[in-house]
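Enquirer: The two chains are supplied separately, each in an independent frame; assemble them into the complex guided by the hints.
Below, each chain spelled out in residue letters.
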Amino acid sequence: MSIVNSEPAPRRKIRILIAKVGLDGHDVGARVVARGLLDAGMEVIYTGLRRTTEEVVRAAIEEDVDWVGVSILSGAHRVLLPKLRKLLDESGASDIRIMAGGIIPQEDIPELQASGVSKIFLSGTPIAEIVNYLVNETAHA
Amino acid sequence: MNIVKPSGTFSPASSEPGSNVASESARWQQEVFAPAAAGRKDRKKFVTDTGIAVEPLYTPAHLEQNNFDYMRDLGFPGEYPFTRGERPGMNRTDPFVISAYSGFGEAQVCNGRFKKLIEFGAEQILVALDLPTQCGYDSDHEMASAEVGNVGVAIDTLADVEILFAGIRADNIKRIGTLGNSIGPIVLALWAALGEKQGIHWSRYTVNLQNDPLKEYIARGTQILPPEPAAKLASDAVAWCVEHAPNWSPMTVCVNHINAGGAGSSMGTAIALANARHYIDLLLARGYSIDQVAPLLHMFPDERHDFFVEIANLRALRRIWARMMKEQYGATEAKAMALRTTVYGHGQEALAEPLNNITRTAFGTLAYVLGGASYVYLAGYDEAVSTPNENSARVALRTLQIIANEHGFTDTIDPLGGSYYVETLTAQVERQILDGLAQIEQIGGALATISTGFARRVMTEGAVRRQRAIDSGDRPWVTVNMWSQKPDVPNTAFRGDARAEERQLTRLAQVKATRDQKRVTAALAEVERATTEDRNVTPSVLEAVRAYATVGEIVDIWRRRFGAFVPSTDF
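Here the protein sequences line up with chains A and B, keeping their order.
Read left to right, the first sequence gives residues 2 to 142 (our numbering).
Read left to right, the second sequence gives residues 20 to 590 (our numbering).
To be clear, the hints were calculated from the coordinates, so they are not data collected in a lab.
Any given hint could turn out to be false.
For each label pair, taking beta carbons as the anchor points, the in silico distance ranges come out as [what the hints assert, rightly or not]:
| no. | chain 1 | residue 1 | chain 2 | residue 2 | range |
| --- | --- | --- | --- | --- | --- |
| 1 | A | GLU56 | B | THR471 | 51 to 59 Å |
| 2 | B | PRO265 | A | LYS14 | 53 to 61 Å |
| 3 | B | GLU215 | A | SER116 | 43 to 51 Å |
| 4 | B | ALA528 | A | GLU138 | 44 to 52 Å |
Please read all numbers here as calculations on a predicted model, not as lab measurements.
Built from N, CA and C at the ideal position, the CB exists for glycine as well.
Here chain B stands alone, though its shape is the one from the complex (with noise of 0.2 Å):
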């Protein structure tokens, strides 16, 4: 075919299309942006939260920059390197999963709590433990005073798990689970004999579980043992659902505390993916391969401050996931390389006016769901201060449906893809994660971050310049640092019903006094020499709680054996 090139001054065939726009858009920033920005105060510093300097413009001369190639960055959605979604349709034909983290008081009420939920149209709920479960203290103990159903619900044994879940099966909910970073053999445990209690077999549903115990040292804090043995603990959970129930989700390894402690989600994402390393080399050194252990674990990205950066750490981490799992680990199957990610919508959210919150929390989340979030939670509004009410429980979940359905949100997969300022940022953010990532390789890998002090001192730096950059003004806040106002917390933060403790106390010497004793006695006995001969526990947990064992019975062996891990007083 002949081709005839277009002659004349117009031929863009005359210079590089590419040089061309650098130096446009350099004469554009100099004699035009510049003279009319000149003299004019900065609105605020333009600069993310993880401290990359934003631009007035960004032009294709950015992607050049970075050069930018369209089928090694970002490929196909469902393909490799899947910066553009882990699976083939992403919200086009198979919309994100509408969650809810629920649980507060005693298992009855809060049934009643997650039948409405699901009502509302939560299609998975995740169980939000009160501190003494996640903590590994039965309700009567000493260090449970004053906690018991608090900031969560309260579970001692199976008998509760079947109470919270009477009248909802498991089958009919796309996943249930919890968090149990500390105790994750035994939630795991827990979930498993609620499917043989309903009778529905462990494939037939979907548990997902946090199980992300390294995280707890370094921000959350439910840590009981030592970081060590809580990371074999937590790897039991996993290799056991490798075997059993290979279509779970028993670990998900976070991002969003680290970052909410001050880490920056650059950063954080980097310390994560460091934990998520750690995880997976125990369960290889086990003999497990890439493909078998991959696909169980997912992550929770975190980003409040700058709706774009969201919408960069989600997909520059899916392309780092796909990188490390084929090149590092040389995994093999696809299903190993998109990272599925758990998202919980937050802004910056403020203690006076709280009703504002809904309007930062659905931006904070239609950030995730952009980046193409896979399964989406939504803080409710009053949650900085409370546990949700039924009212913001269901504002919550009728904003991410109205997200999930209107404005077209969803209607076509990657909306963001190729735009020259999300392009440059994901490129950028990719960079920080990986600096990060070889910075902390340098210091010797995930339990260096926590025992060097490299962790900790990340965040509280982190922290304190958020503070200053607030105190100063730097990072406009609405209502706090702009058209400021008194802090609200309502009468009802984190007040439960002042009896149910008392209810649970009972319950508890209920379930102790009927259990057949000498089953949990010879359960128990069998979770110690699992234990102790270093093999995995949850097959041996599995018959304690079955058995009605407490979960502070079973912590006790682990406690025992390990020890107790020593808070920090750094600061």
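Isolated chain A, as found in the complex (with noise of 0.2 Å):
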């Protein structure tokens, strides 16, 4: 092994944590966006059903992710979203993004981007719209 490293560092992959907030069931976008992104080369954790925010919170902090996608389709997205925002950054983790899918009204996104929500896509968006997303907008990929 040679003492000095002439390759670059390799680039850190994007991090993602996929999760379910609130008592929605609905997990299947969640799965298959999970396993799309895995595809795409990114590293990703799903926290499985029916968390809370603080749960939510405490894992992407814990696994260092660039991300949270949550999927919410059952109306609560309003209250929970900026919560989880707000969550986040009062623990210092201001630098992790939010995005969200599943099913929300146009009229609320405007809404839900202001209180720090950065991308909304509604279900039946392509994988790949997705994964561009992703690697346009995070700063190390």
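Expert: This is the structure in structure tokens:
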């Protein structure tokens, strides 16, 4: 092994936590996205169902992720997403960004973005579109 | 009688009819079809969502290949093996039951909607419960925050059910009920107590429950306890009905969510049948006979991608059920072998241009009706994105009425029976289901599909395969991968009255303040004893419900006793 490493340091892979918050039990979309991002070379962790926002924040920090991707189809997004953003910020994890997917009305998107959610993907979005977004938006990727 | 054989070159007796068709259809395919199709791009992949290759033409040769035998494979409606229908007259004399699944916000508002649905012609109402109720949390629980009344109606106590059905007599409607998958004995007790409140004997109305907790771990996600005690509690509800209300339908074993989650309808049916066997085995172990138990169960098949597979799936499922009950369980009564089916008409509903979903769900529902479904629901065109409004709920009911009454769809029984294509698919789907069931038995049955991750793996792989087929265009989807349009999620998506939660909390507090607390405490103590002593919990739950104990108070006893489920983080 050579002492002098002339190779550039390998770029860190994008790390993302896919999360289900609240009581919504529909996680097919979350799992398909998780699998798609994994196939695209990202490091993906899934929380499993029915997590509190506090649990998601803890997992995001422990796993040192770049993104939290929240899947939500029960209509609780207007409460849970801003709460998640606030808790991340209060835990010193302002650098962890949030994207969300599921069933979210267009009318709610500006309000959610104003509260610090970076991006909303409606169900039916091709995986490639999500991959492109994350690659373009993640500083180190 | 002297039969004169026809003579000459046209004599049909001069060659074997089947093999003649086989060689002729091979000739047609090679010499006529193939040259015509050569050089043309396939429009799509001709393969069903369940993985069956679809041929350009079906002939009697396909029936011969499958050793088709009319009497063995089909028989007659209302007779073994019930392929052509589980009741003698089917839609001709005894049309499918026009059903509605509905629920949102508070009981009082929901009651108004139910009355409307009945006015529109709904013959059965299944109540959609909000997520806190389904997951065993009262509206004032921390986990219920932001979810009360969101995707269904909030039910904390019997008081809510009384409001929900005020002015709607339980015996004026063919069936009433709810899902209550993880709280089966509680919803059974609530609907039994409703009859008592309305002064209607249990034998005079019919309650239908989903009460199928095992598929929650696999696909739907409202599980509360570990799977084993959950299945036991669900079977408690069925056992109570065997004793007290044998005319009820306290369990609907579901393919629906398992297929929708990615398993595909054939493997989904196999998993659901394994679940049904688990419940049945629990009930037989208590000393009931298969003839007592099987008639109380029915199934909820599902296929939303391929019209003809939908028809084949229902026909194959009835045949498999009949043979399983008779040959494996030794059932002797027809009603134990004749499987009733609940279906929920879907298609590939899209978020863009939602009115097109009316067409999709109508076709999807038509296939179920042609396949002989017994209880038929139809998804609202806006259901993928919101709780259906009154208008979309009415369109759904009217579509069912049109299918039941116009076009001659229901004039003759099993109209596609004998179709070369449908009979071939029925045999192929049957083989896929039986293969799946054999795989599940090999790993140890229903509980093993959960504990080994088998079901989850099958579903994720299927969901990823479906997503790729859509992304690549192999599975055409108008407005999504053809003529694609932006999704349109209306402002009303799962958003009720913001103050409904507040009012529900006030009502719950009032009920708690005015109920006979001594009676509640004693009743809950008895639920706890029945749970600990492994008795049927239903009688004690019924007493607790009558005393206005809350759903959460009862479920907490089970949480303490059995612990909570551990969510899987696999994907």
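Enquirer: All hints, please: hold or fail.
Expert: Verification of the supplied hints:
no.	hint	verdict
1	A:GLU56 - B:THR471: 51 to 59 Å	26 Å, violated
2	B:PRO265 - A:LYS14: 53 to 61 Å	60 Å, holds
3	B:GLU215 - A:SER116: 43 to 51 Å	48 Å, holds
4	B:ALA528 - A:GLU138: 44 to 52 Å	46 Å, holds
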